[in-house]
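*Asks:* Chains A and B supply the protein sequences, listed in that same order. With the first letter of the first sequence counted as 1, position 151 gets the number 152 in our numbering; the numbers rise by one all the way through. With the first letter of the second sequence counted as 1, position 86 gets the number 318 in our numbering; the numbers rise by one all the way through.
Some hints could be false.
[What the hints assert, rightly or not] Chain B is faced by these chain A residues, among others (derived, beta-carbon under 10 Å):
1) E10
2) R17
3) R18
4) E100
5) L103
6) Y124
7) E129
8) A143
9) I149
10) D154
[Unchecked claim] Pairwise CB distance ranges (calculated):
11) G132(A) with E373(B): 52 to 62 Å
12) S422(B) with E45(A): 10 to 20 Å
13) S7(A) with E368(B): 19 to 29 Å
14) R125(A) with D393(B): 43 to 53 Å
[Unchecked claim] Just so you have them, the derived chain A footprint on chain B, three or more residues with Cβ under 8 Å:
15) 238-248
16) 272-278
17) 297-304
Note that these hints are calculated values from the structure, not bench results. Note that the Cβ used here is the ideal one computed from N, Cα and C, for glycine as well.
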Amino acid sequence: MSSFRSGVEAAIPALRRYARALTRDAETADDLVQDTLVRALRSEHLFHGGDVRSWLYTILTNLNRNRLRSLARRPVMTLLGDDDAPDMSGPEAGSRDIERALASLVEEQRAALLLVVLEGLTYREVAEVQGVPVGTVMSRLARARAQIRGFLDGERPALRRVK
Amino acid sequence: MIDRDLPVTEGELHAYVDGELASDRKPAVEAWLASHPDDLARVNAWRSLADAIRSRYGAVATEPVPARLSLRQIEWAGRSWRGMAAAATVAAFLAGGVAGWVARTIAVPAPPAATPMTDALDAYSVYVVEVRHPVEVPANEQAHLAQWLSKRVGYELRIPDLQPVGLKLVGGRLLPGPSGEAAAFFMYESGSGERFTLYSTRNKAPDSAVRTDWKGHVGALYWSERNIAYVVSGEATGARLRKVAETVYAQVGR
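Hey, can you work out the whole structure from these sequences and the hints?
*Replies:* Laid out in structure tokens, this is it:
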């Protein structure tokens with residue numbers, strides 16, 4: 002097995018984790034990972050050394066952005082069931098809060114936050130994945146954290162009332 | 233200690249939480265946090281957010297990877313079932329730049345003259361109607377069956393487990409191959425009596441894309457890998473046949 006191939010193979014579990022958090026949907030996440038792997042294998046000749054993992058995160062991040070763009074052109078589908086569920090306490094409520102908090106972020110901020118806290122990439126690596134300067138990554142992180150804090154502290158009761 | 237006297241920026245607080253802060257600034261940031269409870273609360277909130285994200289999604293990386301995400305499966309799908317011959321597909325593959333063996337396939341567009349497909353389809357027709365003696369060696373002697381047929385065909389045969397697609401091994405038999413070598417033949421059956429067969433023999437043809445052939449209602453999927461040919465046959469829809477063949481492919485070869 003080539004080192005490229007084994008590098009790709011070794012990254013699959015982490016890609017699934019990142020994709021799951023990025024999309025908050027298991028099926029969509031694995032679709033994204035699948036598309037990422039197809040593209041990676043097909044573009045092996047474009048990979049000129051470096052960190053295979055970062056390269057895969059880059060492909061996945063771009064594919065997800067394209068996916069969201071094409072979704073944006075379609076009518077919005079609202080899932081009623083989820084919000085109608087009674088409020089719970091305990092760990093399950095906590096994990097749902099996290100999902101909603103992540104959903105409240107704009108895509109670039111969500112990706113930056115997840116790449117740093119979940120995937121353990123350095124700011125520099127995230128900058129490469131997102132194709133922006135390190136300073137932009139830092140401001141995305143700062144905005145993501147501020148937004149989530151506001152969401153978890155204050156806006157949640159307001160959302161409940163809206164229903 | 234000039235550094236200690238510089239005011240701490242918000243960027244440094246983030247860098248501190250993310251382990252990106254230059255070590256010579258660490259004492260300054262820690263001193264700042266000790267005297268700025270609002271900032272300390274923010275830093276703690278960021279940390280617990282990171283913990284919450286990790287505890288919510290961290291375990292995904294320890295789940296078993298679904299079969300459709302294995303690299304073999306992905307390459308298999310890339311082999312294109314639908315019309316490798318179609319110029320558009322070939323052009324798209326070439327433009328995309330493909331894994332080596334697909335490129336090899338395209339470089340050898342003429343199909344090999346004789347494929348074991350016909351033999352496999354004939355064998356299917358002959359034996360699948362057999363009620364009492366469909367196989368020579370039954371499934372309860374699977375280890376012996378694999379060993380015996382491997383010896384005869386001259387390569388190690390792995391008898392695939394097709395339970396995931398609802399098929400149980402009935403058994404296997406030895407058959408004459410297309411150019412005189414031995415061929416291995418396995419039969420599988422579902423609870424409803426649907427039968428599929430796997431035929432395998434040595435093959436001099438180069439690795440190929442998957443080809444489909446039909447004889448009446450019986451379909452056969454053929455591919456060749458490392459000079460070993462495989463044919464999966466069954467009376468089923470194309471989708472079902474393909475699903476069975478994918479399950480076989482995932483377990484044989486390499």
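*Asks:* Against each hint, give a clear statement of whether it holds in the structure.
*Replies:* Here's how the hints hold up against the structure:
1. Interface hint status for E10(A): upheld, as the beta-carbon distance to the closest one in chain B is roughly 6 Å, under 10 Å.
2. Checking R17(A) against chain B: minimum C-beta separation of about 5 Å stays under 10 Å; hint holds.
3. Annotation: R18(A) was flagged as interfacial toward chain B, and the flag holds, the nearest CB pair being 4 Å apart, inside 10 Å.
4. Interface restraint check for E100(A): the shortest CB-CB distance to chain B comes to about 7 Å, inside 10 Å, so the restraint holds.
5. With 10 Å as the threshold, the beta carbon of L103(A) comes within range of chain B, its nearest partner Cβ sitting at about 8 Å, so the hint holds.
6. Look at Y124(A): its Cβ gets to within about 6 Å of chain B, closer than 10 Å, so that hint holds up.
7. At a threshold of 10 Å, the smallest CB-CB gap from E129(A) to chain B is about 15 Å, leaving the interface hint violated.
8. A hinted interface residue such as A143(A) counts as satisfied when its beta carbon comes closer than 10 Å to some beta carbon of chain B; here the least separation is about 6 Å, so the hint holds.
9. The restraint placing I149(A) at the interface with chain B holds, with a minimum CB-CB distance near 6 Å, inside the 10 Å limit.
10. Among the interface hints, the one on D154(A) holds; its C-beta lies about 9 Å from the nearest C-beta in chain B, closer than the 10 Å criterion.
11. Taking the beta carbon of each, G132(A) and E373(B) are about 60 Å apart, inside 52 to 62 Å as hinted.
12. Between S422(B) and E45(A) the beta carbon distance is about 39 Å. The supplied range of 10 to 20 Å is therefore violated.
13. Restraint check, S7(A) to E368(B): a C-beta distance of roughly 41 Å breaks the suggested window 19 to 29 Å.
14. The beta-carbon spacing between R125(A) and D393(B), approximately 46 Å, falls within the hinted interval of 43 to 53 Å.
15. Here the segment 238-248 of chain B counts 4 residues with a CB under 8 Å from a CB of chain A, which clears the bar of 3, and the coverage holds.
16. Check on the segment 272-278 of chain B: 3 of its residues sit with their Cβ under 8 Å from a Cβ of chain A, so the three-residue criterion for coverage holds.
17. Restraint check on the segment 297-304 of chain B versus chain A: 5 residues with Cβ-Cβ distances below 8 Å, three needed, restraint holds.
When held up to the earlier numbered hints, the structure conflicts with 7, 12, 13 and fits the remainder.
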